[in-house]
Amino acid sequence: MAMNPNDPIIRVRNLVFRRGSRVILDDVSMDIPRGGIVAIMGPSGVGKTTILRLISGQLKPDSGSVEVNGTMVSEMSEKALHEFRKDVGVLLQNGALFTDLTVFENVATPVREHSNLPEPVLRRLVMAKLHSVGLGGTEDLMPHELSGGMARRVALARAVVLDPKIVLFDEPMAGLDPIAISTVSRLMRETNDSLGLTSIVVTHNVAQMKKLVDFCYIIAAGKIAGEGPPGDLGSSEDPAVDQFMNGKVDGPIPFHYDASGKNWSLLG
Amino acid sequence: MNTSIQNITAPLVQAGRIGVFLMRMLAGLRLSASLMRSTMQQSYLVGARSLVIIMICGFFVGMVLSLQAINALQQFGASDQVSLLVGKSLFRELGPVLTALLFAGRAGTAVAAEIGLMRATSQIDAMELMAIDPIQRIALPRFLAGVISVPLLTAMFNALAIMGSVVFSIGVMGLDPGIFWSKLQTSVYFGEDFMGGIYKSMVFGGLVSLIAVYFGYNAQPTGAGVGTATTNTVVLSSVLILIFDFIMTSFFA
Chain A
169 MAMNPNDPII RVRNLVFRRG SRVILDDVSM DIPRGGIVAI MGPSGVGKTT ILRLISGQLK
229 PDSGSVEVNG TMVSEMSEKA LHEFRKDVGV LLQNGALFTD LTVFENVATP VREHSNLPEP
289 VLRRLVMAKL HSVGLGGTED LMPHELSGGM ARRVALARAV VLDPKIVLFD EPMAGLDPIA
349 ISTVSRLMRE TNDSLGLTSI VVTHNVAQMK KLVDFCYIIA AGKIAGEGPP GDLGSSEDPA
409 VDQFMNGKVD GPIPFHYDAS GKNWSLLG
Chain B
1166 MNTSIQNITA PLVQAGRIGV FLMRMLAGLR LSASLMRSTM QQSYLVGARS LVIIMICGFF
1226 VGMVLSLQAI NALQQFGASD QVSLLVGKSL FRELGPVLTA LLFAGRAGTA VAAEIGLMRA
1286 TSQIDAMELM AIDPIQRIAL PRFLAGVISV PLLTAMFNAL AIMGSVVFSI GVMGLDPGIF
1346 WSKLQTSVYF GEDFMGGIYK SMVFGGLVSL IAVYFGYNAQ PTGAGVGTAT TNTVVLSSVL
1406 ILIFDFIMTS FFA
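Line order of the protein sequences matches chains A and B.
Numbering-wise, the first sequence is residues 169 to 436 according to our numbering.
Numbering-wise, the second sequence is residues 1166 to 1418 according to our numbering.
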């Protein structure tokens, strides 16, 4: 694992993002080291997926910046963003496979879109990626014929088929059985290291992340509540980090939805 | 007060959004092998798969039209004019309009639900993140398929309706086949009557599929959202078919 903390591939600085009057992210700064697997954790609905969308340029921050490989994502034109996204693989919640295409066509889609590879070369490339996730022979199946874990592995193959530099994972293990979780987890580590990727994983599952990732950011109430290697965070002094890592009901992370902006509805 | 203004502006805003969507779709139109392939595939799904319902409906519309026409014409002793009446009303109005309404119910809903479900299962997000324009990739082929399919379906509807008319007028009512066909041939014109209807049906096909892809694309990513999208598709496209029919007929006929 080559991790050079002085040379982060992604630099997030003072990111602020609002939805209406509601502040989702408030002054978030992160450094994602090249070659590592970094987790962004936090309770559901805290804006973890929002961070991925800000990194991939799908959303624009209200203030602050996202810098990937020295380029400001937040200031890219549509065309630059288009080019940039070829270098970023994404695995969305539940895989998001195209339900009207076969497994082969699903994995082939990004390649067809962004290159003019002749059909035999394309076929080899796609089959190699499918083999690397252990699913050679499934190429003619439709997504609804796959189990949850298999679908997630096809989505992984699709996310890395263009050999991106960064892969973003949004809840890659949600809803999977324990065996599938371990399989996907191992594949994520293998792909990351063999292809020299940098992976960012958004999740709320503490146990899986302890085994998989190199570094963790914990987000609570729109701010970074804690950061560090997963092993260290379990014994953190910070009450929010402690509450989240150890699954406690009581703590600074509130049970109630913040309805302070909603009083008008009671007054008619 | 605010809401009453919104009641007036909301439909205009919606119309504007649909217009912008159409422009975005057509602005990126590039003839490519993959676009042709997916347009053909969609034409099969929305067009060829709608054939059976169109043919059955066409046949019965032809029969009931002849029945009513013969009843009315008999009072003037002119029941041998039935093919003229059926042909004109069918080719100019009933064929295009009924086909488009059936198409909205059969194919428009399917398209809206399919795209809505793609939205709900983040397939559209996934495309955007792969730097694939989902409007070009998903919406455009379905739109083009509508423009291509509906005129063809209308022609099929018309053909089956004439057959229905033949069965009823000649087979059941015993009209003379020679008079039936010669009236149709001499008094119903290919250019004005038949093609006039086909041109209208192209517009209807574009209208229905534009509305279907628009509502599907902008569906809320939930089960209820997909349901709303299909309902809106049928309601709005049915109303607009009839409104556009009047506008086009009064301007061009």
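Any given hint could be a false lead.
[Stated by the list, open to error] Label-pair distances were calculated between CB atoms; the ranges are: (1) A:Arg-292 x B:Asn-1383: 37 to 45 angstroms; (2) B:Met-1205 x A:Gly-399: 18 to 26 angstroms; (3) B:Gly-1392 x A:Glu-243: 47 to 55 angstroms; (4) B:Thr-1414 x A:Ser-189: 32 to 40 angstroms; (5) A:Arg-291 x B:Phe-1225: 47 to 55 angstroms.
No lab work stands behind these hints: they were computed from the structure.
Remember, predicted model here, so these are calculated numbers, not experimental data.
All C-beta atoms in this analysis are idealised placements derived from N, C-alpha and C, irrespective of residue type, glycine included.
Task: Range agreement (Cβ of Ser-189 of chain A with Cβ of Thr-1414 of chain B, hint 32 to 40 angstroms) - done: The hinted range 32 to 40 angstroms is violated for Thr-1414 of chain B and Ser-189 of chain A, with Cβ atoms some 51 angstroms apart.
Open item on the list: Given the hint of 37 to 45 angstroms, is the C-beta distance from Arg-292 of chain A to Asn-1383 of chain B inside that range or not?
Closed with: 39 angstroms, holds
TODO: Mind checking the hinted window 47 to 55 angstroms against the Cβ distance between Arg-291 of chain A and Phe-1225 of chain B?
DONE: At roughly 50 angstroms between Cβ atoms, Phe-1225 of chain B and Arg-291 of chain A fall inside 47 to 55 angstroms, so the hint holds.
Task: Outcome of range test on Cβ distance (Met-1205 of chain B, Gly-399 of chain A; 18 to 26 angstroms) - done: Violated, at about 56 angstroms.
Open item on the list: Just to be sure I understand the hint, the distance between the Cβ atoms of Gly-1392 of chain B and Glu-243 of chain A should be within 47 to 55 angstroms; is that true here?
Closed with: 40 angstroms, violated
Comparing the model with each numbered hint stated earlier shows that hints 2, 3, 4 do not hold.
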